[in-house]
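Place chain B on chain A using the hints.
So the sequences go chain by chain: A and B.
Using the numbering used here, read the first sequence as starting at 1 and increasing by one per residue.
Using the numbering used here, read the second sequence as starting at 1 and increasing by one per residue.
Check the hints yourself; a few may be wrong.
Stated by the list, open to error - Which residues of chain A face chain B? A partial, calculated answer using Cβ under 10 Å:
1) R16
2) R54
3) E154
As the list claims (entries may be wrong) - One side of the interface only, derived from the structure: several residues of chain B facing chain A at Cβ under 7 Å:
4) G32
5) E50
6) H51
7) G52
8) P56
9) S74
10) N76
11) N77
12) R78
13) K79
Claimed, not checked - Each pair of labels, with its calculated beta carbon distance range:
14) L469/A <-> N63/B: 38 to 48 Å
15) R21/A <-> N63/B: 16 to 26 Å
16) T16/B <-> S37/A: 17 to 27 Å
17) D445/A <-> G65/B: 41 to 51 Å
18) S112/B <-> R21/A: 39 to 49 Å
19) G65/B <-> G231/A: 57 to 67 Å
20) S112/B <-> S37/A: 21 to 31 Å
21) R64/B <-> E384/A: 40 to 50 Å
22) M36/A <-> G65/B: 52 to 62 Å
23) N63/B <-> A423/A: 48 to 58 Å
24) R41/B <-> H46/A: 17 to 27 Å
Hints in this document: simulated from the structure, not taken from any laboratory.
All values derive from a computational prediction rather than experimental measurement.
Positions of the beta carbon are idealized from the N, C-alpha and C atoms, including for glycine.
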Amino acid sequence: MSWRRFFRRTFWDRERSEELRSYLEIETAENIERGMSPEEARRAAHIKLGNTVRIREEIHGMNTIGLLDALGRDVSFAVRGMRRRPGFALAVVLTLAIGIGANTAIFGVVHGVLIKPLPYPNADELVSVEHVAPGLNLDELRMSPSQYFTYREEGRVFQHIGLWGDGGQTITGLGDPEQARALFVTYGVLEALGVQPQLGRIFRETDTRPGGAALTPVVLTHAYWQRRFGGDRLVIGRRLTMDSRPAEVVGVMPEGFRFLDMEPAAEVISPIVLDRNTLTLDGFGFRSLARLKPGVTVAAANADIARMLPIWVGAWPVPPNTAGRQVYENWRIAPVVQPLKDDVVGGAGDMLWVLMGTMGAVWLITCANVVNLMLVRSESRRPEFAVRAALGARRGQVARESWVESLVLSLAGGALGMALAYAGLKVVVATAPLTLPRVEDISLDTRVIAFAFAVSLVSSILFGSVPALKHAAQYSRPLGGAARGASASRERQRTRNTLVVVQVALALVLLVSSGLMIRTFQALQNVQPGFAATAELQTARIWVPPQLVPDPERATRMQHEILEKIAVLPGVTAAAFASAVPMEGPLRVATQVIFVDGRSYAPGMTPPVRRMKTVSPGYFGAIGTQMIAGRDITWNDIYGHAKVAIVSENFAREVWGSPAAALGQRIREQAPSPAPVWREIVGIAEDVHEDSLDQAAPPMVYWPVMMDNFWGAPMFATRAINLVIRSERAGTVGLVSGVRTAITSVNPNMPVFLLRTMKDLYDQSVARASFALVMLGIAAVMALALGVIGIYGVIAYVVSQRSREIGIRLALGAKPAELKRMFVRQGLQLTAVGAVLGLIAAAAFARWMSSLLFGVEPLDLPTYAAVLGVLGASAALASYAPARRAATIDPFRSLTAD
Amino acid sequence: MPRRESPLQSETPQGTLDMLVLRVLVVGPAHGHTIAHAIERGSEDVLQIEHGSLYPALHRLENRGWIASFWGTSDNNRKAKYYRLTPTGRKQLVAQTTRWAELVRAIGRILSPSTE
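Extracted from the complex, chain A is given alone in its bound form:
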């Protein structure tokens, strides 16, 4: 059997027919020569040759592949049937397209974000390395440079390990000064990722030692190379000025290179230079990634670091002003090595799996709906099947046809669904960068297409097998079924009731989950963030490099000057700055160990780590944080080097019991500075949700932007600041360019970046909840609509089947209202059964999605009550419509009809 022959079977049939004809002619001619009459001669020739049809069939049989041929026939039969009933086919295909499309789109996201490996060679060997410090109550302690050296030198499980951080680099000497997004790496990071540069080289080990390179080496990303150098291949060796230091381009990364999920993406990569002679145990500010040796498990890596931690504590100098090594032992540092992908994906996984589950439920509902449609149609085709059975069609053949029809429908639905998914993924990718990690990895690739195909196949099996079995069952009573038999439909009605119950149950699950998301969203909206009117808050980040302005006080005065220029811009009502604004993300989080005056700490014990930021006078007023007690910091405090501080209300309550009691108390940092400097608390500020609305407001310490003897410096200035500008014109081009002009008029070499409104940051903080809400909402509305259609269909069908009975009842004096009630009751009974099952499933599902919820319990009674109400009302309405028709049936007509 060969495919070539299979596709040429029509040709061969023609060829052999011709040949047989030729035989007949020759034989007839010979017979005539032998003296037969022409008719006789022709007849004899036919007899001699035999049955030509059978010969052709035999040859055809040699050429064909039996099953395939039958399948082709069935497909064309199915397509013909659909063209005869385009309405039915359209309804089925559209329903399936929605179910399959929604699933494929979500799977596309899940696949891109959660399943696909990170875009580096052997990405499963990559891990992130962090710590926890239960002794400090810290569930995330980053790496210190001394740990990096210890792990690099003593580690047995790593091929490469490195530290990284992100930030900005001021680039001058290439036209306009510019703040480029920078990735800072030690030796080992790019090596671990295993990415080769497109041009030049990546950093050498010597590049990351002090004095190891004459010029600061810099590696460009492809996009930056294209943008600033026009893709010039002679870029290697080009000089430029980075943070006022001479630098040299040594390499260009390839086009597809992205560093983890860094957003916005890095433009330049600079080395982190570490002098190991000056390192202490301290400095936990770096993130870390590593490549494990082949075959090493994450557990083994954790064990290896646990082994090295005591070595590290013993080997490195204790930072000044720390009460000995036992402080670090009391922190009880433990390793947290996890696959790098998990670190990148973070908490998005939970949400995506919940959405995947939701869309799975929608798909089941669509399948149930299609089964319903198929059953309705098979009802109308019952006579046809009966006749065919009587004519000798085999049982399996009819079932196969029905299955093939389902297959054709579901593949059409799948193809349309794929188009929907493609559009849906475009929308997700365009809107989700704030919500989802790895958005750039989301695409409709072959795996996703295969998934859509598989879902289509499974759909066709799901909804195709029911009618196939039903048709086959008809064989027990051929032709009898063609007559209008009421009892025959009993079993079919049971199937339908089951379907409706399933649909109602699933719809209830989706309604509950979207109801819980709505409550979550409401709860988030009700959170007092600790800042106000975010749409009127413009932020802009600037940095005064020490190379540009070496003197700290001069740098602060320059920032002050900028502030005063901005304050007089039209429409600006307040302006201030701080080291960071709320909700900027984990990279701007700064923490310190804070000592409280008058508290005694056990030897070797450290007080808890606190969040801190530095603020300019007027910051609280500008951002909208209330002062609970005391006063704000003033410029006089700052320039007069007054030892002052502000703490948050929850900090004050925790330590001193009340805000008022905190005033006048003194706190200090765990300082590397020579003598501990106590600073007096002059003000108490309202609690601020610094991280996101759904996370508690952390206890905060606010220091002035400039202080003496702070952070290891005789004079400390906050060089990287975020301006906070309150104006009704926030976000407008006018204000933004006014701000830019104000900054560059003070110093033309000072770049401005990250101009955004607080509302952008605020929206980002609720983005995940709103994304989940929208997706669940869509799913729930679809589910409810399909469920209502299901109930309506069943009751309408029951009414039509029982119209004779209704006629009799009416003729015997039944009241129309009673009849209506009867049918509505039936609809509600089905709904009730579905609702009970649905409630059980919903309670389980809600528990599963509890990580997405905020301010609402998984078993939130009002949500469940509201959902039951909505569902009950919809079900009543859906059954009332056909019930009313029942009540208006004309007894005479219904009894005489058909």
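Chain B only, in chain A's frame:
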């Protein structure tokens, strides 16, 4: 698809029809009609065949590449499909004839051992 036995196959020992066809074509190309009559006549009308059943055999042999076909004109000037033996077919004929001869000898020995 169930294969129906062709009458000719059922009257001639399995596989021998192929051999007979190949044998007829040794003398030169021929069309179906000629082949059918040649087999009948050659067997002195012992093998009465329904000529139509020859065609599936021709189709099979052509598929195997043992014979090749071309359209030509018959003696009485009609369009007819001619078959000729291919080199592979010739080898097959030799092989099959040899095997057949051995088979006949073997059967002969079993049926009449006394003559040995």
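Checked hints:
Because the closest C-beta pair between R16/A and chain B is about 6 Å apart, less than 10 Å, the hint holds. For R54/A, the interface hint holds, since its Cβ comes within 10 Å of a Cβ in chain B; the closest pair sits about 7 Å apart. Contact between E154/A and chain B, as hinted, is not supported at the beta carbon level, the nearest pair being about 73 Å apart and thus beyond 10 Å. For G32/B, the interface hint holds, since its Cβ comes within 7 Å of a Cβ in chain A; the closest pair sits about 5 Å apart.
A least Cβ separation of about 4 Å between E50/B and chain A falls short of the 7 Å threshold, and the interface hint therefore holds. Given hint, H51/B at the interface with chain A, holds; its Cβ is 5 Å from that chain's nearest Cβ, closer than 7 Å. At about 3 Å, the closest approach between the beta carbon of G52/B and any beta carbon in chain A falls short of 7 Å, and the interface hint on this residue holds. The interface hint given for P56/B is met, as the beta carbon of that residue sits about 5 Å from the closest beta carbon of chain A, less than 7 Å.
For S74/B, the interface hint holds, since its Cβ comes within 7 Å of a Cβ in chain A; the closest pair sits about 6 Å apart. Interface restraint check for N76/B: the shortest CB-CB distance to chain A comes to about 5 Å, inside 7 Å, so the restraint holds. For the restraint placing N77/B at the interface with chain A, the shortest Cβ-Cβ distance is roughly 9 Å, beyond the 7 Å limit, so the hint is violated. This hint holds: R78/B has a C-beta 5 Å from the nearest C-beta of chain A, less than the 7 Å allowed.
The beta carbon of K79/B is positioned within 7 Å of a beta carbon in chain A (closest approach about 6 Å), and the interface hint is therefore held. Between L469/A and N63/B the beta carbons are some 41 Å apart, a value that agrees with the proposed interval 38 to 48 Å. For the hinted restraint 16 to 26 Å between R21/A and N63/B, the CB-CB distance of approximately 21 Å keeps it satisfied. The hinted window of 17 to 27 Å between T16/B and S37/A is violated, with their beta carbons roughly 36 Å apart.
In this structure, D445/A and G65/B meet the distance hint of 41 to 51 Å, their C-beta atoms being roughly 44 Å apart. For the pair S112/B and R21/A, the beta carbons lie near 47 Å from each other, so the given range of 39 to 49 Å is met. Against the hinted window of 57 to 67 Å, the Cβ-Cβ separation of G65/B and G231/A comes to about 59 Å, which satisfies the hint. The hinted window of 21 to 31 Å between S112/B and S37/A is violated, with their beta carbons roughly 50 Å apart.
Our hint of 40 to 50 Å for R64/B and E384/A holds, since their Cβ atoms are close to 45 Å apart. For the pair M36/A and G65/B, the beta carbons lie near 39 Å from each other, so the given range of 52 to 62 Å is not met. For N63/B and A423/A, the hinted distance range of 48 to 58 Å is satisfied, since their beta carbons lie about 50 Å from each other. As the Cβ distance of R41/B to H46/A is approximately 21 Å, the hint placing it in 17 to 27 Å holds.
The structure fails to meet hints 3, 11, 16, 20, 22 from the earlier list, while all remaining hints are met.
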